[in-house]
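K.L.:
Residue numbers (the working numbering), protein chains in the order written: chain A, 1 to 327; chain B, 328 to 546; chain C, 547 to 864.
It is possible that some hints are incorrect.
Chain B is nowhere near these chain A residues, computed Cβ spacing over 12 Å in every case [what the hints assert, rightly or not]:
1. Leu25
2. Ile212
3. Asn310
Now the in silico label distances, taken between C-beta atoms and shown as ranges [unchecked claim]:
4. A:Gly286 x B:Lys398: 20 to 30 Å
5. C:Val576 x A:Leu178: 52 to 62 Å
6. A:Trp177 x C:Leu642: 28 to 38 Å
7. B:Gly490 x A:Ala205: 49 to 59 Å
For the record, the hints were derived by calculation from the structure and aren't laboratory data. Just so you know, even glycine gets a beta-carbon here, dropped at the ideal spot from N, CA and C.
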Amino acid sequence: MRSLIQRMFGGREATLLAACLLAVLVFAAASPSFATPDNVFTVLRNSTELLLVGLGTTVLLAMGGIDVSVGMVLGLAAIGVGRALQADWPPLVAGLVGPLVGTLLGLVTAAVVVVGRVPAIVGTLGLLGVYRAAIFLVLGGSWLSGLPSGLTDLLAARPLGIPVAMAVIAAAYLVIWLALRRMPFGLHLLSIGSAEERARLSGVAVTRTRMIAFVLNGALCGLAAAFYVATYRNVATTIGGTLALEAIAAVVLGGTSVTGGRCSLLGTVLGVLLLRIVQNGLLLVGVPSLLQPVVTGGLLLAVLGVEAVNGRLPAARLGWPLARVQP
Amino acid sequence: MKLFTADSDAPKSGRAVYVAQATDEGLGFSIIDEMVKRVGPDAKIGIVSGEATASNLNAWIGFMQQRVKEKYPKLMLLAPQFAGGTAERAAQISSDLMAANPDLKGIIGVASTTCPGVAQAIETAGKIGKVIGTGYCSPNTARAYLKSGAFGYTVLWDPSELGYLTVWAGKRLIDGKSFEASNTVEGLSHPVTYDKATGVLLLGDPAVFTAENVDKFKF
Amino acid sequence: MTFAANLRGRSVTAPLLCALWIVVAAGLLVLKPSAFAASTITTVLQFSTLLALVALGQSLVVLCGGGGIDLSVGGAASLSVVLVMLGLKNGMPDWLLPPTCLAAGAALGWFNGLLVTRLGILPLIVTLGTFYVYSGLAVALTNGAAQSGVPAWLVPWGRGAIGAVPLPFVTMALPAFLIAGIILAFTSWGRWIYALGHNERAARLVGIDVDRVRRLAYTISGLCAGTAALVSLAWLGSGRPNIGQNLELTSLTAAMLGGIGIFGGRGGVGGVLAAVLLLVTLQTGLLQLNVNTIWQVGIVGALLISVLLADRFSAPQG
């Protein structure tokens, strides 16, 4: 158990924080527009959806799971929120439709992956296709456009001096942090990620824990959908197309292991911020946006490569997805 | 069997006719002309496109650049940025563009999927009135942004008229009739031109939608 | 589990794929008899060639186990296309195009293998990173523009056909699958691949050079992507920097549907070819019926899940 706790707090957060600060310094020196309040707000604003989805991905990776359909879950939940707004539901209720739809879809994923015992990456790959067709079906080939701004106003309101949006994100982070670090659920999750069979033998309710994780992930995607609709007031058929891979990249940058057993929520926050700061900064100093994917991939390979060379990563070649047990 | 194309052309496929919504040239030129009307001939304008590999988007951008070079030499058109097909990336890139260029006067969202992102970025940055957003998108997509002031105008053709013309042209081909240089089509408000050399049947000039006229259109 | 059973993969795969293919073909025959022209068959096989080649490489990587997966196949195909076309522009003699294209793909695959085996980074992460780098570079180097200038002598091969069967399918896809099938079934390399996919520890203990086999699998996957790139050049007559778009997930779908076990060590390449043909037939059929191809994505997703569920519930524990 001691080693488990040690593994939970790796050195990645410090590395990432340093990387973020370095990026900030370099870009601030290179572009006078970078270190302005407006631009800081811009970067934070553009990190919101990726951050919420990233928290869900962190929970899944922690137990050796994965979900490549998150973008489509966000899309379907966004359609729910959009339709509710169109039907003049109160903004708060319409916003809650997002997490609700997300939770239901999380249950579907859990049914396929956990109950049906289909490997997570293949099962969610299948669901990705099904959900994409569902988005097309529900939207009927056209878009949701010009949605009412009730939810936008609600999230921008500042009843206690801080924007509701910020409070909601902080609350979501806190809930996931408590679940992972202060409740048995977190330990169960990580022990499943480390060695599923051992966790089962030591009395962890593996099936239930894994189901909860997928449902939590769905709810977070749904919450992100509410933010999405509040921001863009528009849902197009292309929604969420690139989200899953970007979320995995950010979370892995943050120090969560894809083999499970090790995760860092703070690392995820820093990973998302590093991606967005670098993307923003490069554009500010005049690097074409076409190169952004190259930079994303390069960052990922560089950070993990450097760490591998330093030998800090355990030789995880045998692992992923760990659950394979010889009969 | 009669083969003809609509919306996007396949010039060397042996198609009988291409029903064009508006020429790429018309679309590229008019979005610049309309922008200049609003921000003057010596402003700085950003372009946010979709996929870099989409040939129709690139053609429009090419004609924008040509128009600026020929007619508005003082207008500074920034290099196009590419957002892929999603509104999130378009918003991210638009807000980055505004941060990088505090003197930016306008942003053109080239792909229809980028329009909501461009508009949102202008709204959240509090730059309504300072930065004019626009793009090739339908009145339904742009209505809210036109009314909020984030978009000054949008440019597009009328898809219902394009559909109507396409069906009309198909019928005409099957009946074995040819096209005149100028055709009066029942149900369309204006005559339709046909270019024999290129085999293009052209719906006409693209329409410009603004906060004032947008409610007349329901598509 | 015996070696022969490993080679066959899932028990339900082969009959199921055949049955589904017959259903799709029969449905099409009833709904639109005109779709059964030779030209349709040519189209199906033409599209299949690209996917088949890439899916073959993907399958080999997955077979090797250890979390093997190659998300960069599409990016490698796109970048191979772009690299050779830029090479031509910069004075490379045009007879060098085919070997360079294959070599570019193989080199990109080898780089994946190097990162996986030397640095011990997980394949999912390595190839996610190179997916971004390869596909991003392909578009950035060309600004997204299609590259013209494919030598004219290459095009007749890319567009030609024997009867209804396109030449690239006969000369590239079929031989590639045959060779892969023979290697997997009859050579020690094949046995090593299954062994290390099935139980890597045991494979190491009996002295198999696990890293070398795995690196080779990634290199072959890249080579397959390079071959697909060459076929696309000859077929389309121009180099498209996004030719590999979406191939990473589609090829993985084909491999899984074709009976390759995601944990490695299980499945054969015959099923993969059948799955590719099914996927492309379905897509062509929907196109012929004027149905939006988005449904193909949905149907394939549902198919993938049901095949795996059926497999789970028909097989004993494990």
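K.L.:
All hints, please: hold or fail.
P.N.:
Results for each hint:
Taking the minimum C-beta to C-beta distance to chain B, about 17 Å, the non-interface status of leucine 25 of chain A holds against the 12 Å cut. Even its closest Cβ contact with chain B, about 28 Å, leaves isoleucine 212 of chain A beyond 12 Å, as expected for a residue assigned away from the interface. No Cβ of chain B comes within 12 Å of the Cβ of asparagine 310 of chain A; the nearest lies about 32 Å off, and the non-interface call holds. The given range of 20 to 30 Å is respected by glycine 286 of chain A and lysine 398 of chain B, whose C-beta atoms sit roughly 26 Å from each other.
Range check, valine 576 of chain C to leucine 178 of chain A: about 58 Å between beta-carbon atoms, so the 52 to 62 Å window is met. Look at tryptophan 177 of chain A against leucine 642 of chain C: about 57 Å separates their beta carbons, and that is not inside 28 to 38 Å. Under the hint 49 to 59 Å, the C-beta atoms of glycine 490 of chain B and alanine 205 of chain A, about 57 Å apart, fit the expected range.
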